[in-house]
Amino acid sequence: MDLAWYALLGLFFAGYLVLAGYDYGVGLLLARGVGPAGRRETLTALGPFFLGNEVWLVAAMGILFGAFPLLEGELLAGCYPAVVGALVGVILVTVGVQLRSRPSDERIRARWDRVVMIGSALAALGWGVVLAAMWQGVPLGADGHVAGVTHLATPFAAAAGLAMVTLVAVHGAAFLALRLSAEAAAEAARTARRLVPVALTTVAVATVVGLLSARVRDTVQRPALAVLLPVLLVAALLAARAALTRRRPGLALVATGAALALPVVLVGAALWPYVLVSTTDPDASLAVADAAASTPTLRLLGWVALPLLPALLGFQAMCWWVFRGRTDGRAPVYW
Amino acid sequence: MDTLLLARLQFATTTSIHFLFVVVTLGLVTLLVGMQTAWVLTGNPKWERLTRYWGQLYVINYVLGIATGIVMEFQFGLNWSGLSRYVGNVFGAPLAIETLVAFFLESTFLGMWIFGWHRLRKSVHLALLWGVAITAYASAFWIMVANSWLQNPVGYEVRDGIAHLTDFGALLTNPSLSMALGHVVSAALLVGGMLMAAVSAGHLIRRTPDFEFFRTSLRIGLVTAALAISMVQSFGFAQFDPVGSVQPTKFGGNGPESQALIAEWTTRFGPGDYTPPVLASVGLGFMILIGFTLGCVWLLLPLLFRDWIIRLRFPLWLILFALPLPFVAVILGWIAREVGRQPWVAYGLLPTEQAVSPVGAPLMLASLIGFSLLLGTLAVTNWVLLARHAMRGAADPALGRPPAAPSEPAHPEPALL
Ligand code: HDD
Ligand code: HEM
Ligand code: HEM
Chain G
1 MDLAWYALLG
11 LFFAGYLVLA
21 GYDYGVGLLL
31 ARGVGPAGRR
41 ETLTALGPFF
51 LGNEVWLVAA
61 MGILFGAFPL
71 LEGELLAGCY
81 PAVVGALVGV
91 ILVTVGVQLR
101 SRPSDERIRA
111 RWDRVVMIGS
121 ALAALGWGVV
131 LAAMWQGVPL
141 GADGHVAGVT
151 HLATPFAAAA
161 GLAMVTLVAV
171 HGAAFLALRL
181 SAEAAAEAAR
191 TARRLVPVAL
201 TTVAVATVVG
211 LLSARVRDTV
221 QRPALAVLLP
231 VLLVAALLAA
241 RAALTRRRPG
251 LALVATGAAL
261 ALPVVLVGAA
271 LWPYVLVSTT
281 DPDASLAVAD
291 AAASTPTLRL
301 LGWVALPLLP
311 ALLGFQAMCW
321 WVFRGRTDGR
331 APVYW
Chain B
1 MDTLLLARLQ
11 FATTTSIHFL
21 FVVVTLGLVT
31 LLVGMQTAWV
41 LTGNPKWERL
51 TRYWGQLYVI
61 NYVLGIATGI
71 VMEFQFGLNW
81 SGLSRYVGNV
91 FGAPLAIETL
101 VAFFLESTFL
111 GMWIFGWHRL
121 RKSVHLALLW
131 GVAITAYASA
141 FWIMVANSWL
151 QNPVGYEVRD
161 GIAHLTDFGA
171 LLTNPSLSMA
181 LGHVVSAALL
191 VGGMLMAAVS
201 AGHLIRRTPD
211 FEFFRTSLRI
221 GLVTAALAIS
231 MVQSFGFAQF
241 DPVGSVQPTK
251 FGGNGPESQA
261 LIAEWTTRFG
271 PGDYTPPVLA
281 SVGLGFMILI
291 GFTLGCVWLL
301 LPLLFRDWII
311 RLRFPLWLIL
321 FALPLPFVAV
331 ILGWIAREVG
341 RQPWVAYGLL
351 PTEQAVSPVG
361 APLMLASLIG
371 FSLLLGTLAV
381 TNWVLLARHA
391 MRGAADPALG
401 RPPAAPSEPA
411 HPEPALL
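Line by line, the protein sequences are chains G and B.
Numbering-wise (this note's numbering), the first sequence opens with residue 1 and increments by one.
Numbering-wise (this note's numbering), the second sequence opens with residue 1 and increments by one.
What the hints contain is simulated information worked out from the structure, not anything from laboratory work.
Idealized CB from N, CA, C, for every residue including glycine.
Hints may contain errors.
[To be verified] Non-contacting residues of chain B with respect to chain G, defined by C-beta distances greater than 12 Å in every case (computed):
hint: 1; residue: T108
hint: 2; residue: R207
hint: 3; residue: T216
hint: 4; residue: R219
hint: 5; residue: I262
hint: 6; residue: F286
hint: 7; residue: A322
hint: 8; residue: G348
hint: 9; residue: L349
hint: 10; residue: L378
[As the list claims (entries may be wrong)] Sample of chain B residues with no beta-carbon within 12 Å of chain G, all distances over it, derived:
hint: 11; residue: T15
hint: 12; residue: Q56
hint: 13; residue: F292
[To be verified] Some, not all, of what chain G presents toward chain B, calculated at C-beta under 7 Å:
hint: 14; residue: R102
hint: 15; residue: A293
hint: 16; residue: P296
hint: 17; residue: F315
Generate the whole structure from the sequences, applying the supplied hints.
And the structure:
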């Protein structure tokens, strides 16, 4: 049962990065100099999906608290600055996107758009660092607490954070290539293709720094899976580029989405049976089974979640279906 | 300043801001459901206009509800990791259920509702709003289940110092829950009704050309507020009974039960100060004062006859000036409930000081200042936007604007924002 819940946690967090990832990518791409009308069109592309994307994070946190209480306390408090950074980013994006069009003064709107850009960068950076913290282990003591927060300040964490920012940027561009009206979409596809080498570079840097780091090497329980991550990331990015060249933005979006889901899936698999590996005291490492809530709680949550899951995913699918297709002059404009 | 105090201050500040927004969400969504249902049933465009105007204010208000809610959710893990460590098995369950049952669907529905005008069939569009409202109430229910468990822990057993769930049903029949839930929901309706009445009063004072529109809104708001204040009072007084029996030390309780409980705690947890700060009783007193004052809304109802309330004008001013009162009262009420629970996070089970995360005081201070400033600024910005949109009137809200119409004036009209 622990494994099933762990998988569900992974599903929701990966789902969040894939879906909100393009929100943040689109947020970053507001910087690409398309003028007020272009920026509004960019946000209209997010339109009805925006609210439904971010709530995957809320659900992931709910599962984390309900099914893995011990992990939630140690992971969040143990990575305090990174989590706060991500959180501030999430808030800035959510508020900025929803409020930017309420004033009609274009200067105020442009200011809000900057808030969205900063928020998007912070959110991506923050989650990249949190994932890096898991990859490189945390100083978990015998008392079960993570000691201090300086363990976050490593070159690997910085490189992983940057890599995450570039990955969401590519992902956002692929999304725009799929959603915008034909002409603007072609421009977005060009942007996406140009961003792929940038993302490849940051992924390569993070890989090299990670391989050189003794902490990362010691933390990983299954090195084969860890090495698979950069390989698959590169493959996904190249696939996205190829799909964009062949004018298949849908496929490209799937590929960039996979690139955002992979770090979550593989960190879970590569650390298994642990979820937090201690860098100071091997016996203090937190195993998934120990982090999980006790059986009655998991069983109760199972009874709630099992029948609900199809409804949750079904209504999200309904949203995607109803509002599918490119945004044109008749698309509802609100953000 | 120690970490504990800073963490408590941060929780108090951020939840208070959260609640100021969600209380409006809960109240307005109920009224919106009524208005949009009336539109779909009667086809009268007046109801469509009402839904769009109040819906726009609702959606703007909602933004901060989400933003602050996400902070709340993270705060448990960031600042109160002891809570998840010792009681997470029980306390986490209702919170997890809330996110899956309520929030996930609520946001999905709301996104479709905002963008679904002129795109979805009217009945489907209405169903979405019903979905938003039902899930909003569900979220209030589950969060109150969680909070009531902190007030009065039930349905658990402690093994190796950690609470494990034994009886989930007990969480749902918790004596701390039912009356409090009724009180909170009626408070939300009161806030929604008062807000609607006050905004309408503002327009009527300025002799709006949209007279019919705001006259209807004023009536709906005032009647809702009157019914709700009576419910608030009834549920409020009904709370004293359960509070007295499960939390004898609350509100200056000093009877034999309270003495016995403190003696028991002293043997189990060692000597200490087990009486909550007086702030709780102060909050309670002023809330009740406001509650009685607002009861006067009933006196305004007869003036609805022949629009005397509008012709006399001064009642409109009264309504406008009374608008802050229910907001102040909800914060006072929560201070009463939460401060009155001290020094326990989970009453009689987990002392607050054991729940706080082992983070350094400087980090906690930075977090407190940062989040207070961030959320405070966003809250004020949001209220300014709300006020401007409320004042702008119901001529053409962006929400539900037909796509064919010019979506934005090319150059902004100077007088309106
Ligand atoms: C519009 C707001 C409002 C108004 C006018 C009142 N209340 Fe209230 N009260 C709340 C809004 C509120 C609240 C914010 O919703 C609280 C906080 C927690 C809760 O359950 O409801 C609350 C808590 C609360 C509690 C604390 C329960 C506990 O500690 O567990 C009591 C005893 C009362 N109320 C009683 C009253 C009485 C007797 C009122 C007046 C006649 C009254 N309230 C008016
Ligand atoms: C939204 C309305 C709420 C408001 C305004 C509110 C207010 C407060 C205040 C003033 C405190 C500080 C008390 C003190 O330390 O003296 C506090 C603490 C706390 N509240 Fe609430 N509360 C609300 C809802 C909730 C709910 C629904 C929960 C649980 C699900 C909750 C859980 C906590 C916790 C864990 C603390 C910190 C530990 C403590 O001080 O006991 N609160 N809240
Ligand atoms: C202190 C504990 C609380 C936590 C952890 C919490 C958590 C959250 C979260 C995460 C959201 C955002 C959901 C989304 O993304 O859609 C939210 C929104 C909401 N909360 Fe809270 N909340 C708390 C207290 C309360 C209380 C006391 C109430 C009312 C009784 C309440 C009612 C709502 C409602 C109705 C919404 C959705 C509407 C909106 O965003 O304005 N919450 N809350």
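Verification of the hints:
1. T108: violated, 4 Å
2. R207: Given a closest Cβ separation of 25 Å, the condition holds.
3. T216: B/T216 clear of chain G: closest Cβ-Cβ about 25 Å, beyond 12 Å.
4. R219: holds, 28 Å
5. I262: holds, 29 Å
6. F286: holds, 31 Å
7. A322: holds, 27 Å
8. G348: holds, 20 Å
9. L349: Fine: 15 Å to the nearest Cβ keeps B/L349 off the interface.
10. L378: Given that some Cβ of chain G is not farther than 12 Å from that of B/L378, nearest at about 6 Å, it is violated.
11. T15: holds, 15 Å
12. Q56: B/Q56 is in fact no farther than 12 Å from some Cβ atom of chain G, at 9 Å.
13. F292: The claim holds: B/F292 sits with its nearest Cβ about 37 Å from chain G, beyond 12 Å.
14. R102: G/R102 check passes; min Cβ-Cβ to chain B is 5 Å, inside 7 Å.
15. A293: holds, 5 Å
16. P296: holds, 5 Å
17. F315: holds, 5 Å
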